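*Asks:* Quick note on the working numbering: the sequence shown kicks off at 66 and runs consecutively.
Simulated from the structure, these hints should not be mistaken for laboratory data. Source: prediction; values computed, not measured. Since no wrong hints were added, every one of them can be taken at face value.
No more than 27 Å apart at the CA atoms, straight line, and that leaves these computed lysine-lysine pairs for BS3-like:
#1 K174 / K68
#2 K67 / K174
#3 K241 / K68
#4 K241 / K67
#5 K241 / K174
Simulated restraints on C-beta separations:
#6 P207 / T140: 18 to 24 Å
#7 A259 / P147: 19 to 25 Å
#8 R220 / T255: 35 to 41 Å
#9 V96 / V227: 20 to 26 Å
#10 V86 / P147: 15 to 21 Å
#11 M139 / L87: 14 to 20 Å
#12 T255 / D175: 29 to 35 Å
#13 V193 / M139: 18 to 24 Å
#14 R176 / L239: 18 to 24 Å
#15 L219 / H92: 19 to 25 Å
Where is the CB? At the ideal position from N, CA and C, for every residue including glycine.
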Amino acid sequence: MKKDTQSILFWGSLWGITESVLGYGLHLASVALPGLPGFVLFPLAFFFMRRAYLATGQTSAVFSAAVVAALIKMTDFLVPNPVPILIVNPALALLLEGAAVAVIMIYRKDRELRVPDFFAMGIVWRGVFLLYMLLINLYDLPAGLVTSGPAVALRFLFVESVINAGLMFAITRLDKKAHVPIRRPLLAYTALAAALLAQFFLP
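Could you put the whole structure together from the sequences, leaning on the hints where they help?
*Replies:* See below:
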């Protein structure tokens, strides 16, 4: 396995683990604190995508890591009685996050990312996801973000993007360590196996 592929698989798998384990806990907590998953999970996703980029030097690694995380989520189709919409929607969100981050990074090229760039990443993927929600709502599929009132949609689009931007800016300032490729295939395979186990055994 090439070292770039190993790095993408490793960081994408860690992202998948985070979505399964931490995401599960945050969604439970969101009953008391609405919006909590959205405040936290996208900045963490950015951390993993950024690490994949720094390990490979390729912007394409950003979206590739998102593909790994989304495919891990899609393995829920292998469990008994899967609910397709509850699998497709989160997987699509991961892909949109990866696409938005990659597009903004390509646009900025070698310039340093700033708070408006991080805000734009959130607005882009969330805006597209809301349009998707509007579309599936036409077919009577669950689309709570657009059927629960404008306050919910606005919080999702703007408030969460503002909080994300601040956290993502902090990540770029605090995560200053040297970044090297993942050179041992065992690390990548172990991370992938852990992500798959977490996905299978958590509700």
